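S.K.: Each chain, written out:
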Amino acid sequence: DARVTQTPRHKVTEMGQEVTMRCQPILGHNTVFWYRQTMMQGLELLAYFRNRAPLDDSGMPKDRFSAEMPDATLATLKIQPSEPRDSAVYFCASGLGGPSTFGSGTRLTVV
Amino acid sequence: DAKTTQPPSMDCAEGRAANLPCNHSTISGNEYVYWYRQIHSQGPQYIIHGLKNNETNEMASLIITEDRKSSTLILPHATLRDTAVYYCIVRVANSNSGYALNFGKGTSLLVTP
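Chains A and B, in that order, are what the protein sequence lines are. FYI, the numbering for the first sequence is 1132 to 1242, going by this note's numbering. FYI, the numbering for the second sequence is 5 to 117, going by this note's numbering.
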């Protein structure tokens, strides 16, 4: 089965450090999503791209978060500087207009 | 996108059918009903979707009422591995919406031996 691959699976970092999460979407999928999941807020949409162009990043704190797609096989989500409240599981998903396929997530802990 | 309402939790005995309801009374004519589930510590997994006709696949069946204001996801023979949070999502399926999903709180299904 085709998969969305996310790295790293787990990341522990100190407050103030830069964090980069990576996602390899399914080959051929033209839409990539970033979601964040916490106990309090559940699953929230942060941003998404179509054909590598950002379509909506209104769910993302702009001052510290940035999302890019340097090429069709890589999407990145960067947090700089990281804060304890950013601790969450970050999911990437990709799709081609129908159901999305999710990766296994990056569990981020900021101490 | 229309809002959905689901019970927060349900139990089901292993081997029995699990019927998960979802209310979406404000659904529009061009909105689809999607179901995803999330098993603990994993990413959400697509199950099934439909517009107005009932749908069935290898995982589940989706029954949508004639007025489309509610639907039921049916797992015909629940197993312990079906224990998960099930999300009912209503979404416009066109390129303008970006196909993004708005997850609510879902229904936590516990399948017991």
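No lab work stands behind these hints: they were computed from the structure. It is possible that part of the hints are untrue.
As the list claims (entries may be wrong) - Think about it this way: if two alpha-carbon atoms lie no more than 30 Å apart in a straight line, the pair counts; the simulated DSS-like pairs of lysine-lysine are: (1) B:K73 x B:K109; (2) B:K56 x B:K73; (3) B:K73 x A:K1142; (4) B:K109 x B:K7; (5) B:K73 x A:K1193; (6) A:K1193 x B:K109; (7) A:K1209 x B:K109; (8) B:K56 x B:K109; (9) A:K1209 x A:K1142; (10) A:K1209 x A:K1193; (11) A:K1193 x A:K1142; (12) B:K7 x B:K73.
Unchecked claim - From the structure, some residues in chain B lie toward chain A, with a derived Cβ separation under 7 Å: (13) P25; (14) G47; (15) Y50; (16) G54; (17) Y103; (18) F107; (19) K109.
Model, not experiment: these values are computed from the prediction. We put the beta carbon where it would ideally sit given N, CA and C, even for glycine.
S.K.: For the pair we were handed, K73 (chain B) and K1193 (chain A), check the Cα-Cα distance against 30 Å.
M.R.: Cα-Cα ~37 Å, so violated.
S.K.: Between K109 (chain B) and K7 (chain B), does the CA-CA distance stay at or below 30 Å?
M.R.: holds (11 Å)
S.K.: Regarding the pair K7 (chain B) and K73 (chain B), is the alpha-carbon distance no greater than 30 Å?
M.R.: Given pair K7 (chain B), K73 (chain B) holds - Cα atoms ~11 Å apart, limit 30 Å.
S.K.: Is K1209 (chain A) within 30 Å of K1142 (chain A), Cα to Cα?
M.R.: Measuring from Cα to Cα gives roughly 13 Å; hence the hint holds.
S.K.: Hint F107 (chain B) vs chain A: min CB-CB distance below 7 Å?
M.R.: holds (4 Å)
S.K.: Could you grab the alpha-carbon distance between K73 (chain B) and K109 (chain B) and see if it respects the 30 Å cut-off?
M.R.: holds (19 Å)
S.K.: Would the pair K1209 (chain A) and K109 (chain B) pass a check requiring their Cα atoms to be no farther apart than 30 Å?
M.R.: holds (27 Å)
S.K.: Return the status of the interface hint for G54 (chain B): holds when the least beta-carbon distance to chain A is below 7 Å, violated otherwise.
M.R.: Hint on G54 (chain B): violated, closest Cβ of chain A at ~12 Å, above 7 Å.
S.K.: If you draw a straight line from the CA of K56 (chain B) to the CA of K109 (chain B), is it 30 Å or shorter?
M.R.: This hinted pair holds, its Cα atoms lying about 24 Å apart.
S.K.: Starting from K1193 (chain A), check that the Cα of K109 (chain B) is at most 30 Å away, please.
M.R.: holds (26 Å)
S.K.: Hint check: is the beta carbon of P25 (chain B) less than 7 Å from a beta carbon of chain A?
M.R.: Because about 19 Å separates P25 (chain B) from the closest Cβ in chain A, which is outside the 7 Å limit, the hint is violated.
S.K.: Under 7 Å, Cβ to Cβ, is where K109 (chain B) needs to be relative to chain A, so tell me if that hint holds or is violated.
M.R.: holds (6 Å)
In this structure, the earlier hints numbered 3, 5, 13 and 16 are contradicted, and the remaining ones agree with it.
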